[in-house]
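Chains A and B supply the protein sequences, listed in that same order.
For the first sequence, the residue numbers in the numbering used here are 8 to 131.
For the second sequence, the residue numbers in the numbering used here are 494 to 772.
Keep in mind that the hints were calculated from the coordinates and are not lab data.
Treat the hints with care, as some may be off.
[Stated by the list, open to error] Computed footprint of chain A on chain B, listed as stretches where at least three residues anywhere in the stretch have a Cβ under 8 angstroms from a Cβ of chain A:
hint, region
1, 600 to 612
2, 659 to 672
[Stated by the list, open to error] To spell it out: a stretch of chain B is covered by chain A in this simulated footprint if at least three of its residues, at any positions, have a beta carbon under 8 angstroms from a beta carbon of chain A; those stretches are:
hint, region
3, 676 to 688
4, 701 to 709
[Unchecked claim] Cut-off 20 angstroms, straight-line C-alpha distance, at most; resulting in silico cross-link-like pairs (DMTMM-like, lysine to aspartate or glutamate):
hint, chain 1, residue 1, chain 2, residue 2
5, A, Lys61, B, Glu644
6, A, Lys62, A, Glu83
7, B, Lys631, A, Glu83
8, A, Lys62, B, Glu607
9, A, Lys62, B, Glu595
10, A, Lys67, A, Asp39
11, A, Lys61, B, Glu607
12, A, Lys67, B, Glu607
13, A, Lys62, A, Glu16
14, A, Lys62, B, Glu644
15, A, Lys67, A, Asp40
All C-beta atoms, glycine included, are put in the ideal place defined by N, C-alpha and C.
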Amino acid sequence: MAVRRNRGELETSVLRILWSAERPLSARQIMDDFPAGAAPALTTMLTVLDRLVKKTTVTKISNGANGFVFAASAPESSFTADAMVSALSASSDRGAALLQFAGELDRQDIELLRSVLGTDEPSE
Amino acid sequence: MIGLVGSLILAAIILTVAAPVILSYGAWRTRWPRLALAAWHTALLLGVLCLAASLAVSILAAVAQRPGQLSNWFEPTVLVFFGWVGLAVVGGLLALLFTYTEPIGRDDRRLQAEFSRLAAQSTSTCQQVHGFDVVVVKSSAPIALSLSGRESRIVVSSCLTRALSASQLRAVIEHERAHLVQHHRLVSRIAYLNRVCLPMLPAARQLNRTTGLLVELIADDEAARQVGAVNTANALLATAQLSDDEAMKLRARRIAARPPRGSLSSSARVRRTLATLAD
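Input sequences plus hints: build the corresponding full structure.
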């Protein structure tokens, strides 16, 4: 029986399989690379691949009469988490989709918090 | 009819001018940030509704005029003129809104793709917390982020997981989860679009600024309710020390000085710790 997982987890697994493969894979080949009993249904796999193609994370390549094969758009080595995290956090503003733990508070917000807390000096 | 249209426009103007003055007065908004956020956005909604109603009334009144009733030409002329001007303004605002919304949608898709790659990296680990993917990525920056959308995710850097205790880390995750569950992105985006479409209005700038602050305070309060005020204040302090962030230190002191309702243990030890943190 197929294991029920959320979409993000499936996308992660598919990307990892494509990164570790030396050539583009078909949807069925990707399913074969899942651990025994953990592969999703073919329709689910095609939906996940379709979403990854729309996000440009995965490239869809025609394989002639055999349908389509899929490959990661860029190798794993081209992504360094440090650079990506920094870029992601730098791209956030009050109109963006990202919200950070650090917030986007500026000098005026700090002054307001200081006045509310009754502190004139910067916090220790 | 002119009287009704004029009253509605006047009400919108009064709301635009008076709401920021009233809602920015005093410290109550940092004490009850959720109430403050609701009040700000209700004022915005009421202002928009007043303007929309004035436009609808003037258009309906102008359309309802019959040629035989034109003994008094002044009122229909004003209503028709206002109707056309209003429609032109609405069209202009919609065009502006589309201009700003389209690149935001593109950025959203790019961010979703980057998050997918981040989550899939071999150095990343992923776990589920209350239905949300929490991805820990190898990074030396003390960062925690949440991305809302069809696939809402929380990203925490390995630097932060090393620096914080398990309870403090949970506070960070609960803070980000509050952003996702309470749709803070949507609220922030409404305020942002209002500001970029009406940059000349001080009230629009103030709404955007206040929303940015209040959603952080609301998320801090929610984290404090879930994992305790001490853990939340300590998580904020520890992260602030890593990034030398003055605002986070003040947020920690706010939580410690006046823990939100439902977050405080009655134990003397907790009270002593909070008093120390607030000093």
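Consistency of the hints with the structure:
A count of 12 residues in the region 600 to 612 of chain B with a Cβ less than 8 angstroms from any Cβ of chain A is obtained; the coverage claim is therefore met, three being the minimum. Requiring three or more residues with a Cβ within less than 8 angstroms of a Cβ of chain A, the coverage given for the region 659 to 672 of chain B holds, as 4 such residues are present. Counting residues of the region 676 to 688 of chain B whose CB lies closer than 8 angstroms to any CB of chain A gives 7, so the stated coverage by that chain holds, three being the minimum. For the region 701 to 709 of chain B, the stated coverage by chain A holds: 7 residues have a C-beta nearer than 8 angstroms to a C-beta of that chain, and at least 3 were required.
The suggested pairing of lysine 61/A with glutamate 644/B holds, with an alpha-carbon distance near 14 angstroms, which does not exceed 20 angstroms. In summary, the hint linking lysine 62/A to glutamate 83/A is supported, as the alpha carbons are separated by about 16 angstroms, within the 20 angstroms threshold. Under the criterion of a C-alpha separation no larger than 20 angstroms, the hint pairing lysine 631/B with glutamate 83/A is consistent with the structure, at around 14 angstroms. For the given pair, lysine 62/A sits about 9 angstroms from glutamate 607/B by alpha-carbon distance, which is consistent with the 20 angstroms threshold.
Restraint check for lysine 62/A and glutamate 595/B: satisfied, since their Cα atoms lie roughly 16 angstroms apart, inside the 20 angstroms limit. Taking the CA atoms of lysine 67/A and aspartate 39/A, the gap is about 18 angstroms. The hint holds against a cut of 20 angstroms. Of the supplied pair hints, the one linking lysine 61/A and glutamate 607/B holds, its CA atoms being roughly 13 angstroms apart against a limit of 20 angstroms. Note on lysine 67/A and glutamate 607/B: the hinted pairing holds, with a Cα-Cα distance of about 18 angstroms set against a maximum of 20 angstroms.
Of the pairs offered as hints, the one joining lysine 62/A and glutamate 16/A holds, with about 16 angstroms between alpha carbons and a cut-off of 20 angstroms not exceeded. Under the criterion of a C-alpha separation no larger than 20 angstroms, the hint pairing lysine 62/A with glutamate 644/B is consistent with the structure, at around 12 angstroms. Distance check on the hinted pair: lysine 67/A and aspartate 40/A sit about 18 angstroms apart at the alpha-carbon level, within 20 angstroms; holds.
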